[in-house]
Amino acid sequence: MARTEAPTHPWAWWVWALFAAGAVSVTTNPLLLVLVVAAVVAVVVARRSDAPWARSVSTYFMLALVIVAFRVVMQVVFGGQRTGFVLFSLPELPLPAWAAGIRLGGPVTLNSLLAALYDGLRLAAIIICVGAANALANPRRALRNVPAALHELSVAVVIALSVAPQLVESAHRVRRARRLRGGRVKGWRAVPALVVPILEDAVERSLTLATSMEARGYGRTRDLTRVPRWVSASLLLAVMAVTFGVFLLLGVPGGARPGVVCLLVGVVVTAVGLRASGRRLSVTRYRPDRWRWRETATVALALAGLLAVAGVMVLDAGVLNPPTRPLTWPSLHPLFLVAAVLFAAPIAATVPDAPSPSSERPR
Amino acid sequence: MFATNPNADRVLVSRLVKVLIGFAVILLSSVALAHPSATARELADRTLGASVADSCVGSGKVWLVVVTDGGSTLRNQCVGNPGSGTAALQNAGLSLTYRSGYLCTIGGYPAACPTTYNGQYWSYWIAKPGGSWSYSNLGADARKPPAGTLDGWCYTAPGDQSSQKSTCLRQLNARVNPASTVPTAPQPSAAPTTATAKPTTARPTTSQPKPTSLKPTQPRTTRPPTVGTRTTAPTTAKTWPTISRRPGATTAAPRASTSSKPSRVASSPSAASSSQSEGSTQSPTTSTSPSQEATTVPATVTDSGSPTGLVVTGAVVVAGAAGLGGYLWRIRRP
Numbered sequence: 002m003a004r005t006e007a008p009t010h011p012w013a014w015w016v017w018a019l020f021a022a023g024a025v026s027v028t029t030n031p032l033l034l035v036l037v038v039a040a041v042v043a044v045v046v047a048r049r050s051d052a053p054w055a056r057s058v059s060t061y062f063m064l065a066l067v068i069v070a071f072r073v074v075m076q077v078v079f080g081g082q083r084t085g086f087v088l089f090s091l092p093e094l095p096l097p098a099w100a101a102g103i104r105l106g107g108p109v110t111l112n113s114l115l116a117a118l119y120d121g122l123r124l125a126a127i128i129i130c131v132g133a134a135n136a137l138a139n140p141r142r143a144l145r146n147v148p149a150a151l152h153e154l155s156v157a158v159v160i161a162l163s164v165a166p167q168l169v170e171s172a173h174r175v176r177r178a179r180r181l182r183g184g185r186v187k188g189w190r191a192v193p194a195l196v197v198p199i200l201e202d203a204v205e206r207s208l209t210l211a212t213s214m215e216a217r218g219y220g221r222t223r224d225l226t227r228v229p230r231w232v233s234a235s236l237l238l239a240v241m242a243v244t245f246g247v248f249l250l251l252g253v254p255g256g257a258r259p260g261v262v263c264l265l266v267g268v269v270v271t272a273v274g275l276r277a278s279g280r281r282l283s284v285t286r287y288r289p290d291r292w293r294w295r296e297t298a299t300v301a302l303a304l305a306g307l308l309a310v311a312g313v314m315v316l317d318a319g320v321l322n323p324p325t326r327p328l329t330w331p332s333l334h335p336l337f338l339v340a341a342v343l344f345a346a347p348i349a350a351t352v353p354d355a356p357s358p359s360s361e362r363p364r
Numbered sequence: 136m137f138a139t140n141p142n143a144d145r146v147l148v149s150r151l152v153k154v155l156i157g158f159a160v161i162l163l164s165s166v167a168l169a170h171p172s173a174t175a176r177e178l179a180d181r182t183l184g185a186s187v188a189d190s191c192v193g194s195g196k197v198w199l200v201v202v203t204d205g206g207s208t209l210r211n212q213c214v215g216n217p218g219s220g221t222a223a224l225q226n227a228g229l230s231l232t233y234r235s236g237y238l239c240t241i242g243g244y245p246a247a248c249p250t251t252y253n254g255q256y257w258s259y260w261i262a263k264p265g266g267s268w269s270y271s272n273l274g275a276d277a278r279k280p281p282a283g284t285l286d287g288w289c290y291t292a293p294g295d296q297s298s299q300k301s302t303c304l305r306q307l308n309a310r311v312n313p314a315s316t317v318p319t320a321p322q323p324s325a326a327p328t329t330a331t332a333k334p335t336t337a338r339p340t341t342s343q344p345k346p347t348s349l350k351p352t353q354p355r356t357t358r359p360p361t362v363g364t365r366t367t368a369p370t371t372a373k374t375w376p377t378i379s380r381r382p383g384a385t386t387a388a389p390r391a392s393t394s395s396k397p398s399r400v401a402s403s404p405s406a407a408s409s410s411q412s413e414g415s416t417q418s419p420t421t422s423t424s425p426s427q428e429a430t431t432v433p434a435t436v437t438d439s440g441s442p443t444g445l446v447v448t449g450a451v452v453v454a455g456a457a458g459l460g461g462y463l464w465r466i467r468r469p
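Residue numbers (the working numbering), protein chains in the order written: chain A, 2 to 364; chain B, 136 to 469.
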């Protein structure tokens, strides 16, 4: 079935993944974590393309497993919760008083293992959500679609991404040349002999690239007369307001309301400032990715999923953090199933990426 | 100039005397204000607590003080020789609730485990007789209170850290001042009647119905009041072996209700019970007992919930995977 529709905007996938990560981060209930991760993985499997960057999902899964295992091992060795239903005991080694309170080993309880497992599962779920975004959104197209204010920055990052493999290749070339010359110095003293030619190579390549880009008109894209003068000062203040708002929200007990106000004001002014300073880019973009109803639907479904989890927080906050002392079975709130379905619904809202020979060729 | 004027001398002397009187007044009033103002009950607490505490620590046992931010005393008694700080609380008959591994309520105070951190928490203080209360660096689980010391728990009042610590110090010292506690050998005395009377009046917040079971204690000459206390430790120890079968068993019968909040001694909010009943009507293997039982069952029964949530989640994930597999098979490119 040949599809001629343009692929989904990469930022839509990123927003969906970040909402899923946000929904997962407020809970340690393993049922909700498993449901959301299953929904995210379902979307990835259904909408993944064959490009090389889409094959990195297994790396994220391995990373998630490593995180869970590490957390459990840390709890077994260093953990502080030693009362409960004891599974087995490790030999105990109390550290002196200046290493305040850490006891190595000791009895390992099912309660503490479960608590560590839930904690590790939460972090693993966040990692898997971010990995899903990486697998579904083409990184180059994501960089191409940044706001116009960050245009030069995104060009620099795209060039760096393209040039990095060439740096590896030039390192191999330099090492081969030194082996052919013979009499090489080993160990740390060889490093300057390797690094200098690679740096020379990199500088030369970048100068060549800059000349060719200039010849193609990439240099004359700035027109600073179109930007009002208050923009940079207001952008700086807005970013500071965002930081301060986040600090109030997260770090100050009772600072939720001023924190949210500060954050909203900061975000709005940042958006306006970015829009205004983007007008200095006096060229239009070639074949921009369009934001259509599919992208809006994806973002709306993800937002609805996040609101479902927020609804659980409002209705019955205790179910989001099942107690492990005393041992209880985690309970399932019906809104969990609703949230999982909403996070998996972008399968219906989007179409699979058509493998086009020109734009998706791995470089 | 300084003429030898007797009138001027008298004026000077009278001024000096007034200034000295003023200084003395200021000094005495500041001393009086700095001394913690003690109500009659706190004075009684301190004197009675001091005498009973002396014999408690003198006989090599641990003394426990639990105070709230409102100033009410939950416990001020001897607790034997517990194996950990948590065991000391359980020996005194206090029920404990945890959230994410952290202790959030003791003896039903605060009534519900706070869902967001507002700066208040249960702080753990330790003291040796003749010393002063110090903030414990070790957790209640990690520390075995040595024989003949004092354990204190204080629910911090809202405020910044230094004011919280000073308030807690003041409240703990008002109950038992370890500096004035001298370990004395226990003697048979007539104190038990007054000691019995005091803590029952000093426990206003533990108002839920408790089965009056005598805690079996080792024989002591001065009997701290143990009538009416209830320990959760033995009953929880009894229910753990049944829980141990659950993780492996697939046919474990669901417990009284599908609630997962077992040791909340306060009644759960009604929204929670309604959501629980929703959950039980939608789950396939439903337990038909009404969810109100969870709120009125006394906290001796540790309700560990039922694995229906787990089963439903597993079924949903498997069904979703099957559906996805079918969908991918249908749209596969030949």
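Among the clues, some could well be false.
Not the full set, but computed from the structure, chain B residues with beta-carbon under 8 Å of chain A [as the list claims (entries may be wrong)]: (1) ALA277; (2) ALA314; (3) SER315; (4) VAL317; (5) SER441; (6) VAL452.
So the derived list for chain A, only partly shown, Cβ under 7 Å to chain B, looks like this [as the list claims (entries may be wrong)]: (7) LEU32; (8) ARG258; (9) PRO259; (10) LEU333.
The set of hints was computed from the structure by calculation and includes no laboratory data.
These numbers were taken from a predicted model, which means no experiment stands behind them.
For every residue, glycine included, the Cβ atom is placed at its ideal position computed from N, Cα and C.
Hints, verified against the model:
1. ALA277: 5 Å, holds
2. ALA314: 22 Å, violated
3. SER315: Not OK, violated: B/SER315 not within 8 Å of chain A, min 26 Å.
4. VAL317: 26 Å, violated
5. SER441: OK, holds: B/SER441 within 8 Å of chain A, min 6 Å.
6. VAL452: 5 Å, holds
7. LEU32: 5 Å, holds
8. ARG258: 13 Å, violated
9. PRO259: 15 Å, violated
10. LEU333: 3 Å, holds
Of the hints listed earlier, those the structure fails to meet are numbers 2, 3, 4, 8 and 9, in rising order.
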